[in-house]
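*Asks:* Residue numbers (the numbering used here), protein chains in the order written: chain A, 1 to 867; chain B, 1 to 145.
Worth flagging that the hints you see were computed from the coordinates, not collected in a lab.
Here the structure is a predicted model, which means the values were calculated and not measured.
Don't be surprised by glycine CBs; every beta carbon is placed ideally from N, CA and C.
A couple of the hints might just be wrong.
Estimated spans, in silico, between C-beta atoms of each pair [stated by the list, open to error]:
| # | chain 1 | residue 1 | chain 2 | residue 2 | range |
| --- | --- | --- | --- | --- | --- |
| 1 | B | Ala117 | A | Glu107 | 30 to 38 Å |
| 2 | A | Gly608 | B | Thr75 | 32 to 40 Å |
| 3 | B | Asp130 | A | Ser636 | 57 to 65 Å |
| 4 | A | Lys111 | B | Gln122 | 37 to 45 Å |
From the derived model, a few chain B residues whose C-beta atoms are all more than 12 Å from chain A [as the list claims (entries may be wrong)]:
| # | residue |
| --- | --- |
| 5 | Pro74 |
| 6 | Thr75 |
| 7 | Gln88 |
| 8 | Ala96 |
| 9 | Gln106 |
| 10 | Leu121 |
| 11 | Gln122 |
| 12 | Asp126 |
| 13 | Ala141 |
Some but not every residue of chain A turned toward chain B, in silico, with C-beta under 8 Å [stated by the list, open to error]:
| # | residue |
| --- | --- |
| 14 | Glu100 |
| 15 | Pro117 |
| 16 | Gly143 |
| 17 | Tyr456 |
| 18 | Gly470 |
| 19 | Thr480 |
| 20 | Gly705 |
| 21 | Thr821 |
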Amino acid sequence: MNVFNPHRLKTPASDDAWLPSSCALCYGTCSILAHRVEGVVVKIEGNPDSAVGKGRLCGKGVSGIMTHYDPNRLHYPMRRTNPKKGLNEDPGWKRISWEEALDEIAEVLRKVRDDDPRKLVVQRTTTVTASRVPLHAFASAFGTPNFSVSGGGQHCGNGAHLISGIMHASWSVVPDFDYCNYAIFFGASKGHSAGHASCSNMGKAADARARGMKMVVVDPLFNFAAAKATEWVPLRVGTDAALALAMCNVMVNELGIYDGPYLQAKTNAPYLIGPDKLYVRDPESKKPLVWDNRSGRARSFDDVPAADAALDGEFQIGDMPCRPAFHCLREHLRKFNPEWADAISGIGAATVRRLAKEFATEARIGSTIAVEGVLLPYRPVAAIAFRGSQGHRNSVYNFYAVDLLNHLVGAADVVGGCLGFNPTSHGHPETGKVRYLPRADSDGLMVVGSWMGYHYPYPPVEPRLPRNLGLQDLFVIGMTSPFLDSTDREEMWEKFEIPYRPEVMINFGANLVMSIANKDAVAASLSKYKFIVSFDLFLTETSNFVDIILPDCSYLQSLDSRSNFPFIFSLPAGMGEWCWPVRQPVLPPDDGQRPFVDVLLELADRVGFRADLNAAYNAWLDLQPPYRLTGDNRYSHEDICDRELKNNFGAERDLDWFKQHGLIKWKKTPEEVYWRPFSDVRVPVYWEFLKPIGDKIAAIAEPRGVKIPMEYYEPLPDFLPCRSHCCAKAGFDFYGFYYRDVVHTNSFTMENPWLDEVARIDPFSYAIAMNRAEACKRGFTDGQPVWVESETGRKVKGRLKLTEGIHPEGLGFAAMCGHWTDGQPIAKGKGVFYNDLLELDWEHASPVNINLDLCVKVRVTPAEGLS
Amino acid sequence: LIASADGLVVPLSVHSGIRWDAVIAPRTASIESARPPATCTVVSRSAGLIQVHVQLFGALSALSAERSIRLNLPTHSTIADALMAVEQRLGGAFRAQVLDETGAKQRHCRLFVGGYAVEDLQSQLDGATDPTEIEIILLIAPEGG
Numbered sequence: 001m002n003v004f005n006p007h008r009l010k011t012p013a014s015d016d017a018w019l020p021s022s023c024a025l026c027y028g029t030c031s032i033l034a035h036r037v038e039g040v041v042v043k044i045e046g047n048p049d050s051a052v053g054k055g056r057l058c059g060k061g062v063s064g065i066m067t068h069y070d071p072n073r074l075h076y077p078m079r080r081t082n083p084k085k086g087l088n089e090d091p092g093w094k095r096i097s098w099e100e101a102l103d104e105i106a107e108v109l110r111k112v113r114d115d116d117p118r119k120l121v122v123q124r125t126t127t128v129t130a131s132r133v134p135l136h137a138f139a140s141a142f143g144t145p146n147f148s149v150s151g152g153g154q155h156c157g158n159g160a161h162l163i164s165g166i167m168h169a170s171w172s173v174v175p176d177f178d179y180c181n182y183a184i185f186f187g188a189s190k191g192h193s194a195g196h197a198s199c200s201n202m203g204k205a206a207d208a209r210a211r212g213m214k215m216v217v218v219d220p221l222f223n224f225a226a227a228k229a230t231e232w233v234p235l236r237v238g239t240d241a242a243l244a245l246a247m248c249n250v251m252v253n254e255l256g257i258y259d260g261p262y263l264q265a266k267t268n269a270p271y272l273i274g275p276d277k278l279y280v281r282d283p284e285s286k287k288p289l290v291w292d293n294r295s296g297r298a299r300s301f302d303d304v305p306a307a308d309a310a311l312d313g314e315f316q317i318g319d320m321p322c323r324p325a326f327h328c329l330r331e332h333l334r335k336f337n338p339e340w341a342d343a344i345s346g347i348g349a350a351t352v353r354r355l356a357k358e359f360a361t362e363a364r365i366g367s368t369i370a371v372e373g374v375l376l377p378y379r380p381v382a383a384i385a386f387r388g389s390q391g392h393r394n395s396v397y398n399f400y401a402v403d404l405l406n407h408l409v410g411a412a413d414v415v416g417g418c419l420g421f422n423p424t425s426h427g428h429p430e431t432g433k434v435r436y437l438p439r440a441d442s443d444g445l446m447v448v449g450s451w452m453g454y455h456y457p458y459p460p461v462e463p464r465l466p467r468n469l470g471l472q473d474l475f476v477i478g479m480t481s482p483f484l485d486s487t488d489r490e491e492m493w494e495k496f497e498i499p500y501r502p503e504v505m506i507n508f509g510a511n512l513v514m515s516i517a518n519k520d521a522v523a524a525s526l527s528k529y530k531f532i533v534s535f536d537l538f539l540t541e542t543s544n545f546v547d548i549i550l551p552d553c554s555y556l557q558s559l560d561s562r563s564n565f566p567f568i569f570s571l572p573a574g575m576g577e578w579c580w581p582v583r584q585p586v587l588p589p590d591d592g593q594r595p596f597v598d599v600l601l602e603l604a605d606r607v608g609f610r611a612d613l614n615a616a617y618n619a620w621l622d623l624q625p626p627y628r629l630t631g632d633n634r635y636s637h638e639d640i641c642d643r644e645l646k647n648n649f650g651a652e653r654d655l656d657w658f659k660q661h662g663l664i665k666w667k668k669t670p671e672e673v674y675w676r677p678f679s680d681v682r683v684p685v686y687w688e689f690l691k692p693i694g695d696k697i698a699a700i701a702e703p704r705g706v707k708i709p710m711e712y713y714e715p716l717p718d719f720l721p722c723r724s725h726c727c728a729k730a731g732f733d734f735y736g737f738y739y740r741d742v743v744h745t746n747s748f749t750m751e752n753p754w755l756d757e758v759a760r761i762d763p764f765s766y767a768i769a770m771n772r773a774e775a776c777k778r779g780f781t782d783g784q785p786v787w788v789e790s791e792t793g794r795k796v797k798g799r800l801k802l803t804e805g806i807h808p809e810g811l812g813f814a815a816m817c818g819h820w821t822d823g824q825p826i827a828k829g830k831g832v833f834y835n836d837l838l839e840l841d842w843e844h845a846s847p848v849n850i851n852l853d854l855c856v857k858v859r860v861t862p863a864e865g866l867s
Numbered sequence: 001l002i003a004s005a006d007g008l009v010v011p012l013s014v015h016s017g018i019r020w021d022a023v024i025a026p027r028t029a030s031i032e033s034a035r036p037p038a039t040c041t042v043v044s045r046s047a048g049l050i051q052v053h054v055q056l057f058g059a060l061s062a063l064s065a066e067r068s069i070r071l072n073l074p075t076h077s078t079i080a081d082a083l084m085a086v087e088q089r090l091g092g093a094f095r096a097q098v099l100d101e102t103g104a105k106q107r108h109c110r111l112f113v114g115g116y117a118v119e120d121l122q123s124q125l126d127g128a129t130d131p132t133e134i135e136i137i138l139l140i141a142p143e144g145g
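Please construct the entire structure, taking both the sequences and the accompanying hints into account.
*Replies:* Following this line, the structure appears as C-alpha cells:
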C-alpha cells in the first residue's frame, strides 16, 4: 500500500537528501523529489512512487528551482509611501518590519470586520491549489462571501467545470486513455500540455497513441495536442457547438446510432416534456413522468423499468400533449445539418459526417469488457473540451453540445469513454475516508459527491437579489465573476441594490492587472480599494495598487497536507491508484519571508476571530473528533496539517509519517473508476432546469434594467454567436484568441530564466501566429512587427509568426506575456499581453455562467520596430 | 476481439443488448454496506428536555452578542427544531442565511452535531452528550479556476 522508497533518503550527516514533495508551477501539482545538497536544492524530478505524475515532470516543474532562487524574490515586507495608485505610479516602497506590517493589517481588518465584513474581498491565484483551503477558511471565518480567483473561471472553468460537474460529477473530464480508441479534443490539450493531472496524462496519452488510439483535435490552432494527433480539424474560433451539434444530428437522425438502453436508464431522455418545455410531473409526488410502453400509460420515472420507458413518441396525458425529452432532442437536432455547420464553423459537411460516423461506430454500442473480473460497459470513444470551447460567451452550449456526443453513445464514465476525474471514492480501505459518491436528487438527477466549493453545478440554487459583489447569488450558474472588476460593476451593484462596496482586499499571488482583461478596467477597480495587502514571490504589475506587500515562501519552503485533494481536481482519472501526497518544506524560509498560512493564522489571532477560523478549518477539512480544532486555541499550520492527515488515515500516519513517506496510496477498484453503472443516478440530456432559472433571474434583473437574453436559457443547446462573430467592421477580419503555451503557466512563469530561454527558442511563445497564406495575401512577412487592434480601439503590439497551422481567420497569441514591471526583469518586455484586448463588462460575459468572452475580432496593421 | 490495456483479449458482445441497470447488480450490495454509520442517531427518551448549545461562527456570529446560544428542547427534537428556536431568538436574518426559501439548509452552510457533519435537518438530537453541541458556519460558495 505504501509508497515512497526510503532508501533514497540519505541521512543528513552531510546534507544530501531526496525529499518527496509537490510541485506548484501550475495547478497540476505533480509529485516531485527535490534533491537537497548542503542546504541547496540542486535538482527536481518527478516522484516515480506517486500516481500524480508517475515520475514524470514537465519543463516547468524541473525549472521550479530557478523560480525559487530568483534574485528578484521578495525578502521583507514593504509599505507604499505614495498614496496615489495607478498603472504608472511608483508606490515608493519602504521596507517595514513584520511587526509593523501585521499591526497595520490587523487594525484595518479589525475595523472592516466591525463595520461590515463583506467589505473584505479575498483573492487568490489558481496556480497554487494549496492556497484554496487556508484562504477559504480565512474568508469564511472573517464573515465575507466575497472570494475570487482572478482570471481563473472567467477564462477557463465556469463552462468546463459546470458541464463536467453536471454530467460527470467531476471538475474536468479526460478520455479513458487506457482503453479509449477514438478521442476528439475540442479546444483541449489534456495529456499534451499543462493542466489537471498533466504529467500523468502525458504518459497515458502517449501510451494510448502508441496503442493505436485515434485522436482528432478540433482547434483553430495546430496546438500541442494537434501536433501529436491523427487528425487536426481547424475550425473557426468559437464555433465548437456548431460542429458538435451537427455531429449529434448525423448520429441520431442520419445514422440512427445511439445507446438507447443507456439513455433510458442513465439520463433524463425518457422524461416527458410538456408544451411549456418543462417536465410533466405526477400531480401528487411531483416526480417527473415517463411513458411506460408496457402498461401504455405515464408513470413516475422510478416506477418504470428503464427498458420500458419510451424515448420517442407523442403522448397525451389528460389534455396535455407531451413527448419524451429524447424525442425533443432528436427534433431539435434536425436543424443542425452538416451543411449548416459548414457555414458556421468552416468544417466541410463531408468531414462532419465522417467524424460523426467514426465516433458513433467506434463507440461499439452494446459491448462489454471485463476489467479485473468485473463486467462493464465498453465504449472506447470520448469527446472532451476545455479552454478553447470555454472562452466564449456561448461556452455553456459549447460544452453541452460536445458532451452530448458522449452521452448519445453511452460513453460516459465507462471503460474507454469520457471519464470524470474520480467522481466516486469508497475511501481508504482502513479508515473509509475520504468517501464520496454521486447521489440522485428528487428528480433522479445526479448531484456531485465531491466538489471544490459549495456552489454545486446541479441543482442550481434559487436566484435571489444578490448580496455578493460577484452577483453569483443571482447568476447562480456562474462561479468566478467579472463584476468585481468590470467597467460596469458600480452600475450593476446600484441596479441590484448591493448595500456595501469593497474596501479591503487580501490577495494571494494573483496578478489581477494582467490575468482578467484589459489593464485599464482592472486598474480602475483596484485603485478604488482603500487598502490592499498582497502575498507575493515577486513584485507584479498589480503591486502598484498594493498598500502592504508580504514576501511569501516558495513551494519549496511550504507545507500542505492535501496537495492533490479533492481527487476530482488533479488526481489522474482511470484505473490505477488513489494517491494522497503532501508538500513539505525542503528549504527553510529566507530571512524575512514567512509562509502565508502562518501569517493568516496570526492575523486571525490579532483581529480576534481564531475560534471562527478553527470552526472554518473543521468544516473545510471535514475534521472529526478527536481531531477537530476547538475553541480559540492557537493551532499552528503544522498542527492543522497533522490533524487532517490523522483524521483521514489514522493516528499512526501523522505529519511526520507523511514527511518521511511523501504520500499514501491504495488501489482503485473498477467499481470506483467506472462508477456510472453502479450508481442509480441520471444526467440531463435535456436541461429542463435552465429555463426556470432564466425566468427567475429575468424576474429580478429585468425590472432593474438588465435584459436577460433568454435564448441562453433554453433546455437544449444551440449555436449562439459571440460578439466577435457579429462584428462587421471593415478591415477587422481576424479572430484573436490566446492559447496555453506548454512551457508557461498564466503570466507567472515568465520570470523563470530557464522557461524564458525555452520560450525564446520556440518561435511561437512570444509571437502572434498568423496563417501563412492569409499573411501573404495581405503582404505580411514572418517576424514583422504589427499592431493588433480590437473594434473598441484597444491595441497591442507584437511580431508575427507565419504558419500553416492556424485557421485562416485565426490570430493566435501564446500564453499571457508582455510584463512591464521592473520587479520581473526576465519577463519584462517579452511577448504580447493579449488580455489587454478584452472588454470587461456584462455585454462580454456569458449571460448564463458569466465567463468572459475571450475571442476578439481584430484588425492587423504593420508597426514600426518593437522596443 | 479486441486487446485491452491490461493485455486481455476479450470478446465483444456487440449485439448482447446488455442492460445498463443490470450489468452490476451482484456487486452493488457490497458497496452499499461500506457506508459509514449515520452521524446523528435517534435515541428514545420518554420525557424531559435536552440541553442544546448552538454555536455560530463566521458571518453568523454577528447575529448574536453571545457566541453560544443555549436552548432547552423537548426530547425527540430535530435539528430543524433547534434552528427554529434560534430563529425565534435572532430573527429572520438567521433563517435567511442558513435556510433557502423551501426551508432546506443552504448548501454552503455547514452544520455539525457533536463534531459530525449533518445534512438532514430532520435528524433527531439524541441528547447523548449533555449539552448537545451544534456548530454552524457559512462557507464560501463559489470556487473557480
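*Asks:* Hint by hint, where does the structure go against what was stated? Just the numbers, ascending.
*Replies:* 3, 8, 9, 13, 14, 20, 21
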